[in-house]
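Note that the protein sequences, when read in sequence, are chains A and B.
Numbering-wise (UniProt numbering), the first sequence opens with residue 1 and increments by one.
Numbering-wise (UniProt numbering), the second sequence opens with residue 1 and increments by one.
Treat the hints as calculated values from the structure; they're not laboratory data.
Careful: at least some of the hints might be erroneous.
The following label-pair restraints were derived from C-beta to C-beta distances [what the hints assert, rightly or not]:
1) A:N381 x B:H257: 46 to 52 Å
2) A:D306 x B:F132: 24 to 30 Å
3) B:S253 x A:S322: 49 to 55 Å
4) A:Q62 x B:F175: 32 to 38 Å
5) B:H206 x A:R245: 34 to 40 Å
6) A:D52 x B:D112: 56 to 62 Å
7) A:D349 x B:F132: 46 to 52 Å
8) A:L335 x B:H191: 52 to 58 Å
9) A:T313 x B:V61: 42 to 48 Å
10) B:H191 x A:D52: 53 to 59 Å
11) B:F132 x A:Q361: 48 to 54 Å
Simulated coverage check for chain A against chain B, where a stretch passes if three residues somewhere in it have a Cβ under 8 Å from a Cβ of chain B [stated by the list, open to error]:
12) 94-101
13) 176-188
14) 229-240
15) 264-276
The structure displayed is predicted, hence computed values, not measured ones.
Glycine residues also receive a C-beta, built at the ideal position from the N, C-alpha and C atoms.
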Amino acid sequence: MRKMLTIISNVLRGSASRNGAELVSEGARVVVSARTYADFTPQASFDIKKCDLHKLEEGPPQQAVLTREEGLQYYRTMQTMRRMELKADQLYKQKIIRGFCHLYDGQEACAVGIESGINLSDHLITAYRAHGYTLTRGGTVREIMAELTGRRGGIAKGKGGSMHMYTKHFYGGNGIVGAQVPLGAGVALACKYQGKNELCVSLYGDGAANQGQIFETYNMASLWKLPCIFICENNKYGMGTSVERASASTDYYKRGDFIPGLRVDGMDVLCVREATKFAAEHCRSGKGPILMELQTYRYHGHSMSDPGVSYRTREEIQEVRSKSDPISLLKDRMLSNNMASVEELKEIDIEVRKEIEDAAQFATTDPEPPLEDLCNHIFYNDPPLEVRGTNPWSKLKSVS
Amino acid sequence: MAAAARLFWRSSGVKSSFSGLPGAVQSSLRITLLKLSPDCTTKPKTQRRHATHFTYHPDPVPTQYGPTQKMNFFQAITSALDNTLASDPTAVIFGEDVAFGGVFRCTVGLRDKYGKDRVFNTPLCEQGIVGFGIGVAAAGATAIAEIQFADYIYPAFDQIVNEAAKYRYRSGNMFDCGNLIIRSPWGCVGHGALYHSQSPEAFFAHCPGIKIVVPRGPVQAKGLLLSCIADQNPCIFFEPKILYRAAVEQVPSEAYHVPLSQAEVLQEGSDLTMIAWGTQVHVMREVASMAQEKLGVSCEVIDLQTILPWDIDTVCKLYLVAALSNFHLISHIILLSMMMVLGYLQVSHSICGCNIVLTGMPHSGKNGLVPTFLRCVDAMKFKINLFSP
């Protein structure tokens, strides 16, 4: 039976590639999915790297179970993120996106892994490299790209730009380095106070780890046992400064001192997921905050104005791309365990590409926010407030 | 009075009434708007002028300071720092990314020339940088701290206002951090949005104990920076980032000083006074020349240079001299409170970004917020036609 299906599918697929008729490829797809139940492994267990521990007796498990659906979903999300960032790069070079743009490619496993370890009802806050998190937290690619180009269809109505994207339970998108971490602790306090068993994930980078307010936050979170997961995304460079030249101690997971810490391989989505689940469990059980250091890497420079090669070698970037690329890692795992086929993943790639193209089209053609919106939302006011305009005798309206 | 007469004479159908005493704050002068030539008020559709466009007016070549060299703004800064490190063995430069030359190339070559002990990077911690700088200065070394963008200066606000500014006073002159200078790129560039465009001098302008300086070009920048370094008070030196490459002048290679707390009158005039600092000086010069050409209004352009302590004499003297007819136009993106400091609230019309500057400048809205040439002209015309419809 299986052999017959295989033969039929081969024939159909062969003819599909010849004449590309939709009906035939539909048939091929039907046959392929018929293969699913028969041929693909529904789930598999993978060994993941052990996490270094600080002030913890045990760490996350060293084996992760991945189901086929989960694998495909992670793959799709990471691929979407990757393509979206590359598209943003392209649009920026065409001067359709202006201002600042900090790209997240290379670090996809962090965003996807964290999101799979928490619920959508939990809260998350990060710094300016936020496009990935906006996507995982519920933003659509269209909204994100329209925000990058500053159009009214954008997720922040076109008034925020790259660094200021927000969705429900996602507090952005923050420009000032380190300033978002005390905010995250505050959100965690609100979670604890409201008793909804939610937690807050506060992200920051290796550069921000030297900011004073981070340590103030560690103290407050630990003192009041706030359900806060502090996550340091260590991509080895704070703008152009390598971690060795910026920090006296590069063991960022230990920097919390009295806060237990984990050092996690941030290029492996399963490792990040297991660690996040472990951390979430820790917080939800009332033990207080926990610190996670994700060791990851960004392929692009700090922002679009940084070529990214003056402080690191191209060989280094290439090495990471070939050995530890998060998407490749997942893809290899799934293929070698027969959890998906090459064609299936290729199809996902094509769908993702199309989605990004559509979003880019929308982002380029959508109109800019109207001038009436310029002064809105300065204060909360009811009725609308009159705001002094650019001259003392001109007034603008602020509706909020 | 003479100036009022001049205005009187120039326009047709004037009706003027003076209310109040010579020292009166409010004055009313009715002048019919002169008919303008078409190209003033209309811009041909094909020509686009960007919001942050301005024409840079270079200073004349200074002859009193020795041989000069063509330099742009950041090179002038590098030159000043070079002179300082050479003459002052205790001087050190530190900040984020200064070692390789800085994100605006203001410190290029200094580390190679003077060693890594004197030009070094700090981690990402503005509060720490300034606090550390205060300590270095208090111990006797000349500390030149860099805050990478003026928008990031706020974590250091406490250190500047509470520690640096008050050190001398609270220790009864036993200690001071006069050797401290904080340099920071400042002002809007068009695409900086919320966190790379701010002009925070107004926040510090209420704080006795520190000096705030904003130069308009390379010659002034080098002279003022050297004066700040020499000055025995903690100084904040804001460098208009849009001028770093755009402003090119012949700058003396040797060290020289431009005096602090002295406003410079760039252009004499009798009808209208314009006070500006930093990039805006160049916008106002354009406005002034347009005013002269098209409206026949003679404008005085003053570059304030030192914001705190500001040159009251120069500015107020002019006001008193032509009390009733002298309108003051302050052009800058600043907070309303800054004008209170300057005491001009009643007589001047300031052109500010609206309240949005309190929260930031979204990239999409920048075109409406920057006090461009045309808006300044508009304000000036309004000022002249105070009561005309």
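So, going through the hints one by one against the coordinates:
The given range of 46 to 52 Å is respected by N381 (chain A) and H257 (chain B), whose C-beta atoms sit roughly 50 Å from each other. A C-beta distance of roughly 26 Å is found between D306 (chain A) and F132 (chain B), which places it inside the suggested range of 24 to 30 Å. Our hint of 49 to 55 Å for S253 (chain B) and S322 (chain A) holds, since their Cβ atoms are close to 51 Å apart. The hint said 32 to 38 Å for the Cβ distance between Q62 (chain A) and F175 (chain B), and at roughly 57 Å that hint is violated.
Here the CB-CB span from H206 (chain B) to R245 (chain A) is close to 38 Å, well matched to the stated 34 to 40 Å. In this structure the hint that D52 (chain A) and D112 (chain B) lie 56 to 62 Å apart at CB is violated, the actual value being about 39 Å. A beta carbon spacing of about 50 Å between D349 (chain A) and F132 (chain B) agrees with the range 46 to 52 Å that was offered as a hint. Range check, L335 (chain A) to H191 (chain B): about 43 Å between beta-carbon atoms, so the 52 to 58 Å window is missed.
At roughly 45 Å, the beta carbons of T313 (chain A) and V61 (chain B) sit within the given window of 42 to 48 Å. For the pair H191 (chain B) and D52 (chain A), the supplied restraint of 53 to 59 Å is violated, since their beta-carbon distance comes to about 41 Å. At roughly 50 Å, the beta-carbon separation of F132 (chain B) and Q361 (chain A) lies within the given 48 to 54 Å, and the hint holds. Counting residues of the segment 94-101 of chain A whose beta carbon lies closer than 8 Å to any beta carbon of chain B gives 3, which reaches the threshold of three, so the coverage claim holds.
Only residues whose C-beta sits within less than 8 Å of a C-beta in chain B count toward coverage, and the segment 176-188 of chain A has 3 of them, enough to reach three; the restraint holds. Look at the segment 229-240 of chain A against chain B: 3 of its residues bring a Cβ nearer than 8 Å to a Cβ of that chain, three or more, so the hint holds. A count of 0 residues in the segment 264-276 of chain A with a Cβ less than 8 Å from any Cβ of chain B is obtained; the coverage claim is therefore unmet, three being the minimum.
Figure legend: structure checked against the earlier numbered hints; hints not met, in rising order: 4, 6, 8, 10 and 15.
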